[in-house]
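Residue numbers (our numbering), protein chains in the order written: chain A, 2 to 300; chain B, 861 to 1021.
Hints are computed from structural coordinates only; laboratory data are not their basis. Predicted model, so just to flag it, every value in this text is computed and none were measured. Take these hints with a grain of salt, some might be off.
[What the hints assert, rightly or not] Part of the chain B face toward chain A, derived, beta carbon under 8 Å:
#: 1; residue: GLU883
#: 2; residue: HIS885
#: 3; residue: GLY904
#: 4; residue: GLY908
#: 5; residue: LYS920
#: 6; residue: ALA921
#: 7; residue: GLN963
#: 8; residue: SER974
[Claimed, not checked] Below, a list of computed lysine-lysine pairs in the BS3-like style, where the Cα atoms sit at most 30 Å apart:
#: 9; chain 1: A; residue 1: LYS34; chain 2: B; residue 2: LYS935
#: 10; chain 1: A; residue 1: LYS63; chain 2: B; residue 2: LYS866
#: 11; chain 1: A; residue 1: LYS34; chain 2: B; residue 2: LYS886
[Stated by the list, open to error] Some chain B residues well away from chain A (every beta-carbon gap over 10 Å; in silico):
#: 12; residue: ARG879
#: 13; residue: VAL938
#: 14; residue: ALA948
#: 15; residue: LEU979
#: 16; residue: ASN984
#: 17; residue: ARG1017
Backbone N, C-alpha and C define an ideal beta-carbon position, used for all residues, glycine too.
Next come the chains, spelled out residue by residue.
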Amino acid sequence: MYYTRILKPFNLLMPQTIDEAISILAKYGNKAKILAGGTDLLVKMRQRVLTPGCVVSVNKIKGLNAIDGDPKGELRIGAATTMRSIESSRVVQDYYTVLHEAVCQIGTAQVRNMATIGGNLCNASPAADTAPPLISLGAEIKIVSAPGNRETTRLIPIEGFFAGPGKTILQSDEMLTEIRLKPIAKGTGCAFLKIGRLGVDISKVSAAACIRIVDGVCKVARISLGAVAPTPIRAKKAEITLEGKKICEDIVAEAGDAGAEEIRPVKDMRSTADYRREVSKVIVRRVIIRACQRAGVDV
Amino acid sequence: MQTHMKSPTTFTVNGRTIRVEIEPHKTLLDVLRDDLDLTGTKCGCETGECGACTVLLDGKAVLSCLTLAVTADGKNIVTIEGLSEGEALHPLQSAFIEHGAIQCGYCTPGMILSANSLLNDNPNPTPEEIKKALSGNLCRCTGYQKVIEAVEDAAKRIRRM
Ligand SMILES: Cc1cc2nc3c(=O)[nH]c(=O)nc-3n(C[C@H](O)[C@H](O)[C@H](O)COP(=O)(O)OP(=O)(O)OC[C@H]3O[C@@H](n4cnc5c(N)ncnc54)[C@H](O)[C@@H]3O)c2cc1C
Ligand code: FES
Ligand code: FES
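Chain B on its own, in the form it takes in the complex (with noise of 0.2 Å):
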């Protein structure tokens, strides 16, 4: 059987076309970080649980642990790093600094990621509706009110933009 064989798979990360050579059982985690150094995307557990490593695939917001890389074939991605346009912060990255919603910044990408997909399905969403699109990012530091308000607060600044 032709195991190791890598499978020459084409994907978009960040707005640009990737085309790399992947071994099959390499997760689209593994391949974001150490062949695209794309570090902002973090290694958490890697059972699912925790949502450090949540990227957007298609627009939705999935776990790059569990995803094998190649069959991400096609599809358009989006890490912590294509949110910022230029210097010019996202409005979910600031209101997270303006509101304290950061400590040590290792679930920081995730949640925002998160965020991101729900804010592009619901523009104003309730206090409730951020828990629960967040309940797969496990946050270690803040205690998790500051990171709801700064999620409500950059709904509104999306909202007026």
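Here chain A stands alone, though its shape is the one from the complex (with noise of 0.2 Å):
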């Protein structure tokens, strides 16, 4: 691979506002890149995977890294929240539990100081680890965008963000601000798994799950995998399998194989296409019987 010390120069420009930096990535379109903690472009920069003629740095703008509102009626995550002050919330750790199991497993320590969610999403690796806890919470995205031909906000579930490997819905002149989460409904557990050859490694296989169990019978299922297609994926088989059913160890068992049946896992450096799928049965059938324990049900 081509690597090389020194960045390409290019125009470093850092807005103190959403407005100054939709205006910014308005006029230089794809010459314009974003940079949150920087640990994912800069890498991309040295290995001149992208060569932008101008960084646009988020780290100024206020308000664009916090959490706020509260998991009765809406929860805010700025974009530029770092994985740390993700991890370190206790709502986050309270509420949305499968969130907060991710985010705590990304790369190393000083990676979680820097890196941010925003940076994880829009950088769309199949592997992103926050994806598919998003996805399983039904997470929103904001996306906004400067006056022109389009609605300047929009917001849209994370499950249609994703458009394959590197690659988003997001134009030239948009910008990820925010991710809202919706309240977590009485009944319901959910929980994260991540296998990679070290804990601080990228994801080979990851999945996670939002179970909602009322009377022992599970009444919604939301699963979501990670690094086994060209996106992060939801695993609909596997949740028609659950929804209805009294949960038991067949039906756990049922819903990992379907959930197995839907990847469709690319053969990389990290692992054979055969073991991404054994690996996937398995990890479904765990992340459920994690969820189910956590809404009060054991398996």
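Both chains are given apart, each in its own frame, so use the hints to dock them into the complex.
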């Protein structure tokens, strides 16, 4: 892989507000790249995978790195919030455990101090660890752009955000500003699991589940997998297998098998497709069991 | 487009306020080593994997190889050179020496700053917590065990201070 010490020179802009940032994007179009934590972007710039003429740092934009609202109404996480801040958030830990579990396992301490949730999503790696939890939580994201031919603000379900490896539906003049989480319904348990070579590594397979159980019966199941397809995916067959059924060992095993049927794994330096398929079964089963336990039902 | 434009940048390094003109594409690692002669901060992989370039930015351990220096404007930076007070070593530094947690020493500045960041948040970490906090600092010499012992011992010394 091509790699060089020195970054190709660029123009660096540090807007103070979202409005300033989007007008810069409107002006420079695809010559500009947003810089948040830099843990993906600067690596790609060193490898010359990306050579933006203009880098737009969002670090000075106030409020873009805050967690506010409340879990009974709506919780809002700013796009530039670091993994570290999310990891330390009591609200996320207590209510959105699936997201807490994912961010705790991302990279290393230094990476978590730098890496942002918006950068993780916009980088659009199929293995991005915050994607499956957010999909399982039914999160929405807020996208803004400068006045022009399009709506200047749109809210879309996170599920529709990813378009392929490294690709999202963001246009070059748009930026992600916020992630919104709905309240968790009573009787819901959620969990995240990931398999990597070492704990700190990029996921080979990851899975998130949010399951609502009433009187032992699964009412709603949301299951999502990472690193097993060109984008993070929802395992709808696994969800259908569970919904309306009494939770028991057999049905959970069936859901694991159904989940593994939906994956479209690639073979890369991290694992073979067969390995990912076998592991998906196990990890879907385990993540469901853990979510059910948190909903108060032992399997 | 006005590329290469140097930006006046002011930050605090090891307690001293420093004003420098920096090209936007220079990383904090470049500026510390090449412009400020603070060569204690090491350059290993420059892709975020090894932790040799770790410094504290507003008290948190970050990778200087993936930080553009201009974006550190207004912030407080601590490098390994800023840990000792005159000739008096920081307890982490003494503990590393006494426990044989240094061999070639290349990883040590990063290790010590990561450990320092941990101890600021958690003065009494378990060995597991130490391992997790240092998982972003690779060492090719020590085998890590002595490093963990040194951090545990330093934590004890700091708690007594
Ligand atoms: C050693 C190491 C270990 C890692 N381990 C993991 C891991 O375990 N799991 C994992 O998921 N990732 C991991 N990563 C990848 C990376 O740290 C994460 O994806 C991180 O969240 C990226 O965020 P960032 O703020 O650093 O993004 P940046 O690098 O700043 O940006 C990434 C991309 O998103 C765009 N972008 C950023 N913010 C916005 C926005 N608000 N609107 C529009 N576009 C935006 C940028 O233009 C860029 O294209 C690791 C990286 C390293 C170096
Ligand atoms: S040199 Fe920065 S992490 Fe290796
Ligand atoms: S002491 Fe040599 S790399 Fe750690």
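- Message: Tell me the hint numbers this structure goes against, listed in increasing order.
- Response: 3 and 7
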